[in-house]
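Following the hints, position chains B, C, D and E against chain A.
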Amino acid sequence: MKAKKTGSKIYKGKGKQAGLAPGSLFYTGERKTENVKITLIEFNEKEFEEKEVKSIEECFEDKYANEIKWINIDGLHEIDTVEKIGSHYNIHPLVLEDILSVGQRPKLENYDDYLYIVFRMFALEGALHEINSEQISLILGKNFVITFQERSTGLFNSIIERLRNGQNKIRKLGPDYLTYTLIDMVVDNYFVVLEKLGEPIENLEDNLISNPKPENLQNIHHLKREMIMLRKSVWPMRELLSNLYRDESKLVKKSTEVFLRDVYDHTIQIIDTIETYRDMISGMLDTYLSSVSNKMNEVMKVLTIIATIFIPLTFIAGVYGMNFHHMPELSWKWFYPDFFWILILVIAVSMLIYFKRKKWI
Amino acid sequence: MKAKKTGSKIYKGKGKQAGLAPGSLFYTGERKTENVKITLIEFNEKEFEEKEVKSIEECFEDKYANEIKWINIDGLHEIDTVEKIGSHYNIHPLVLEDILSVGQRPKLENYDDYLYIVFRMFALEGALHEINSEQISLILGKNFVITFQERSTGLFNSIIERLRNGQNKIRKLGPDYLTYTLIDMVVDNYFVVLEKLGEPIENLEDNLISNPKPENLQNIHHLKREMIMLRKSVWPMRELLSNLYRDESKLVKKSTEVFLRDVYDHTIQIIDTIETYRDMISGMLDTYLSSVSNKMNEVMKVLTIIATIFIPLTFIAGVYGMNFHHMPELSWKWFYPDFFWILILVIAVSMLIYFKRKKWI
Amino acid sequence: MKAKKTGSKIYKGKGKQAGLAPGSLFYTGERKTENVKITLIEFNEKEFEEKEVKSIEECFEDKYANEIKWINIDGLHEIDTVEKIGSHYNIHPLVLEDILSVGQRPKLENYDDYLYIVFRMFALEGALHEINSEQISLILGKNFVITFQERSTGLFNSIIERLRNGQNKIRKLGPDYLTYTLIDMVVDNYFVVLEKLGEPIENLEDNLISNPKPENLQNIHHLKREMIMLRKSVWPMRELLSNLYRDESKLVKKSTEVFLRDVYDHTIQIIDTIETYRDMISGMLDTYLSSVSNKMNEVMKVLTIIATIFIPLTFIAGVYGMNFHHMPELSWKWFYPDFFWILILVIAVSMLIYFKRKKWI
Amino acid sequence: MKAKKTGSKIYKGKGKQAGLAPGSLFYTGERKTENVKITLIEFNEKEFEEKEVKSIEECFEDKYANEIKWINIDGLHEIDTVEKIGSHYNIHPLVLEDILSVGQRPKLENYDDYLYIVFRMFALEGALHEINSEQISLILGKNFVITFQERSTGLFNSIIERLRNGQNKIRKLGPDYLTYTLIDMVVDNYFVVLEKLGEPIENLEDNLISNPKPENLQNIHHLKREMIMLRKSVWPMRELLSNLYRDESKLVKKSTEVFLRDVYDHTIQIIDTIETYRDMISGMLDTYLSSVSNKMNEVMKVLTIIATIFIPLTFIAGVYGMNFHHMPELSWKWFYPDFFWILILVIAVSMLIYFKRKKWI
Amino acid sequence: MKAKKTGSKIYKGKGKQAGLAPGSLFYTGERKTENVKITLIEFNEKEFEEKEVKSIEECFEDKYANEIKWINIDGLHEIDTVEKIGSHYNIHPLVLEDILSVGQRPKLENYDDYLYIVFRMFALEGALHEINSEQISLILGKNFVITFQERSTGLFNSIIERLRNGQNKIRKLGPDYLTYTLIDMVVDNYFVVLEKLGEPIENLEDNLISNPKPENLQNIHHLKREMIMLRKSVWPMRELLSNLYRDESKLVKKSTEVFLRDVYDHTIQIIDTIETYRDMISGMLDTYLSSVSNKMNEVMKVLTIIATIFIPLTFIAGVYGMNFHHMPELSWKWFYPDFFWILILVIAVSMLIYFKRKKWI
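Chains as they are written, first to last, in our numbering: chain A, 1 to 361; chain B, 1 to 361; chain C, 1 to 361; chain D, 1 to 361; chain E, 1 to 361.
Isolated chain A (complex conformation) (with noise of 0.2 Å):
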């Protein structure tokens, strides 16, 4: 068993596995559901059933003629479950191993009888939009489709409402187009989580000019990372599914293809849009400074001029301090209530007109 994680929170995995015999099975992700949920969907184009099953067994015999099997596995931690996949199913080592492994990089495998794709989800959680992200693996075989997830998130429900509700492409078109209506799931929710962030970006960016506080220097490096992290699932994705429309697997049929580059086509559009964020939030991070910046001057500023035209009148007030016998100043009747004071005024306004002029008030 082998472990590929970071020890950073990016990945989920974690590395006391690492340096273990490659082929033994091992879960390195956090048990997220209390027991394991086994969905078994078996359909052709007339007939459709669903039922959960208690032991991964009782999915391995068809009941129609032309059946179309997709099992789906919520929860991780039953080793055992899969290794049944694994020999029922003649899956390679390798990749029972990657559906343990939940931090795996989207990836597309042809093992000529049958493909492994695995790539991510995401939610976002909590107040601060933390992106919580999953992983997804599928096995698209001749006449079956098994998905992996790490727990119930319902996300294909909706798919399992439109195969039961009758005779639409998914019953007619076989295990490669529901392939694809379960990534465009995925992708479509990409959509969604980016919406959903874009709200806290452009809160943001109003609050950076009003009041900038260093609070928001965390949230701008917060979402910063949220954006790389996302950017880092949906590259390989893109990735993916190009090699998944121009592979020249017999199992995706010529009819799927065009679906699959639309599919693509959002990666694209996602990718995009990650970017324009990633660049907005750059420009987030420039104008926190300057605003920081620019409160600090205005401050100093206002300050030091108060200061600057306070210091000569006091100067001058030291000087009618001084204790000389012979300050003829000192005696003239008019000098202090009439001209000291017009005297005073005239240097402080005559400053403040300076100031006006060079416009540094």
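Don't read these hints as lab results, they were simulated from the structure.
Incorrect hints may have been included.
Unchecked claim - Pair ranges (Cβ atoms, derived):
| id | chain 1 | residue 1 | chain 2 | residue 2 | range |
| --- | --- | --- | --- | --- | --- |
| 1 | D | GLU275 | A | GLY154 | 27 to 35 Å |
| 2 | B | ALA127 | C | LYS32 | 30 to 38 Å |
| 3 | A | GLU50 | D | ALA123 | 52 to 60 Å |
All C-beta atoms in this analysis are idealised placements derived from N, C-alpha and C, irrespective of residue type, glycine included.
Leaving out everything else, chains B, C, D and E in the frame of chain A:
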């Protein structure tokens, strides 16, 4: 129906359709025009007729022999119209979906019997030169061209005029040449938009040096983002055109390819200009920050110099304000009115000279 | 006629022709010369004649056997001339349009019977070394070369001289070798321009350290923009040459290819130099900002130190200026003239020593 | 003998051998181990023997039929041993030279009869998590694997254990699968190193905000440099593995390729993590600089505000310390103890309110 | 004759020859050596002779059967010599021109009968470790090698020594292996130069933290520029070597290719080191700027704190310096010598405590 948008203002769609079945049609934009306007233009080398029709079915019959038909739809909120075109001309459902999802990235899709081309038109709005981007879809068939716009823009009026005026290339050279003139019109429009944007950029640049204000920073970021947006539409446009003239599609004649290469060259020129603007705008950020800090430095320097000169002088005044019984200077007759002021002057002037020599003032 | 320009000063065209029909010809530049000057040069290995002709028709007949003809047009505002060349030599309308649109990006177009090459020439103008860029178009046919310049520059005079002087390679090796010498001349000219630009760059660098001024920032941005402009013309030039010597055009002889590769190497060298200059200019921005802040720091430091020393001293003077009836120090005879000044000196000197030790002064 | 190193601490060699003839062998590293330790492991599907041998000649004979031989050399300072292996297995002199030059960049060289693979192992040392990098060379022949390490690290112990334990894949699948397990072990080790590095990065990040210190900057640069160093070793590792599984070498069986692709995927994951760390570290530089300036701003602001409030007050006190004979206020009874202090308070409080409103305090 | 240089100090040529006819030869460098020194080395597997000849004609006859001839020219100002070699060995005029234009970018040109290779050698000069770059040209023919250097450097002496010493590879393996040893010698020299540059880089780094000075900035830019210069020579060197070992030239034997790949690997290692240095130098700029601002902050902080403490105290002293007739405090006996100083102390100490708590001091 599916939606591909982002929550930012950059793409226009709304996220609420994410997750619905692919295939059902749904207009993702705002309703920008009261009624959908369908214009039918039929021509061959000798004949020409242009008419506005109420219902799309009126367009489906040919009037002339060897007729070329151009159907232009302004306004996309009548899904019915799009569906009828789709079923008459046998257009793939994903294309119909893309026509109605008005946040598409420019692209070319080759469906053998027809080409689907989608690109974007820009218009500047308001004093801030907000870029408004609209989607134009084009279907090029064997003897027809169908264009879909979000609203009546009048962009293609001059082409209709040229068609009406008779014996010119467009009448002779078939629907692919017509497609070229339409794309060329849109690309020419990019030059106009870029030229108009050149003005606020140059104005801003002048302002930055004479009078840097925090608003300028906003403007810089606004312009930067507009450039990013333009770039995101023009880069795929370039790719689209490159595919169009290199593609071995039987719908594009050899003689038209050289014209398409010419438009392709224009998009490269546009990209060049956008990059130049981007460089200018980046430089403006440097200039702004440096201007602000320069002005601040100037303020601080002059004010600090004034303070520095008066502080030692105030100390001297303070000394002779002390009440010691034994201060011989106090009774020296010549001290106050003459020597004191001379001392003050000497100190002040020598400090000024020192500052001058150091080039601080 | 179409216009492709940008509104910035970088390309010279005007946007007003955007939207007109492709095919009609229109000169997009300024009229830089009074009259169009047509020079006809006819030569073969043995004969040579150069003459200035009034009307382009005089150029269309051959004088010698195996003649090579070089027609040079200075000034592009007589569209008639260009049209006649086009119809005589059967040139594609888009080429004629490009010849007259003087904001072209350097490119090579292969029309089987002839090659169309467009590139740019630079000249430095004024004290600021403003780069002035002009378009040169060249048509290389089986036995003729036609060059179009915006005005008489004399750039090719030395080549005409070499042709006149007799038995050298240009006379022998055909129109492709003549084309090579023309391009080589232009590329050599780039070296001259770069060398001249080296001077203000080095001057600026020296100024930055000794006496940084806000104007320097303007100069840095000016130089940076000129480098961007040069780069934008030289990069496609490199591509053009690479295509020219790799292209399998029957118009370029094998023996000429090695010469073209040599000019290609020169453009790489020029790009290298431009990149080096760009790096230098980027470094200058750092140096400038750092010099400015350094100078400011120096001012602030010295001034603040002066203020800091005198503030505690002023406090002491203030204390003994208080009017308390019971201040025993006031009546101590030795206090004022001796102890007071000693105290002041001790405080001032110890502060100076402290600052010195901290390496603040 | 040749030396390829750099004088920096990043590569370990010394420059003094530069310029000597290629071919003579020379160990460029430090002597990290007392004695060279040679371990001979011989096995086939049924048998297994491991022994430490004194002299390399003992390794050259086969004990079992269909034997696979793994020779591991710990310590490279006995050039003799390397030379004997070279002449027995007919290894190219440049390979021997590379084995002894311990600053190699990871690479794969295909010499038809054998593959030469060189890569690097990392260990963290000391409190600062200094990355220590060592070179591992591997020669994969038809039925043997030879590994060269700079010292005994125990890295491969668990693989020897698995070999000894019997009927598993490594015993069955030949020397190419053994090579895979060795490389896989090293790559797994990278995950461990990265995970350990995650800790100081997160610690540093927390420190930066609460208490930024100049030492942090050193740490940031230290971590940045370590990331650069890791990256420089892992990028070519990725290339190496990509070549290894795509290469048509007859030494690598088809069935092993899928395993190699798996390690390849791991290196991509490692690169991803390194890039994420690099982004985090870049962000930390921003955070540090902004924290420092933030703290400074806070200091300056509060201090300047105090000064600013007292300067006008001091001026007022100065005014009434003047010695004019005619200062009517001086004799007003209510002036000093009441009005004066009220005036002072009003001025101070209104300034505080003004500052508060402006959000300066 | 043509000149390709830049006016900067990076390339050495002079611009004045631009515009002259290609073909005439002209030395663009400085005359670095008094006399041109021609060394003729003739050898086959058994014989060897080295002699200095006066005139190049002496080199054109073979002395031994199966002789390999190596002609080394130190000093390029005798154009005559180069021309005679050109006409004897039938070298293309452009090659002769490139040999004499000493600002060439490293490149390989394949003229079927011979290969022309040009590369650069570095030497460090003076205390500042100025990089001095010289051009070495090499012509590899069927049974001869001709090298051209700007002056006698002694770089190849050890190779001559190895040739003289007898039965080694160079004597046996032909002119292509000799070419390899020459290039290898130059590349090894790069390692030495890089190692020497490592020292000032590390010194500078230490200085930056302890005592940042404006000169450091100059040094950083100086080092940065040297790295750019090295990089510009080594990158094309890598390309050159890649072409050399992949090229299907009949002049390079299969057995030599593996050696060339080895030198190629070395250039990659050199590029790696240069990139590492560049990263270090970039980091140094950050460190410098941050050190400077750190030191300035420290100064400002301490000084401002002193000022801030004394300003309120001075105000208090000012209050009791007022001359109001009714100031009851003035006559309280205990006020001055005790209470006043206690008040002053309490204010000063509580401010210090506040600053301490805020971690400002």
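These are the hints, each one checked on the structure:
1. Hint check: GLU275 (chain D) to GLY154 (chain A), Cβ distance near 33 Å, so the stated range 27 to 35 Å holds.
2. Under the hint 30 to 38 Å, the C-beta atoms of ALA127 (chain B) and LYS32 (chain C), about 36 Å apart, fit the expected range.
3. Range check, GLU50 (chain A) to ALA123 (chain D): Cβ separation about 53 Å, and the 52 to 60 Å hint holds.
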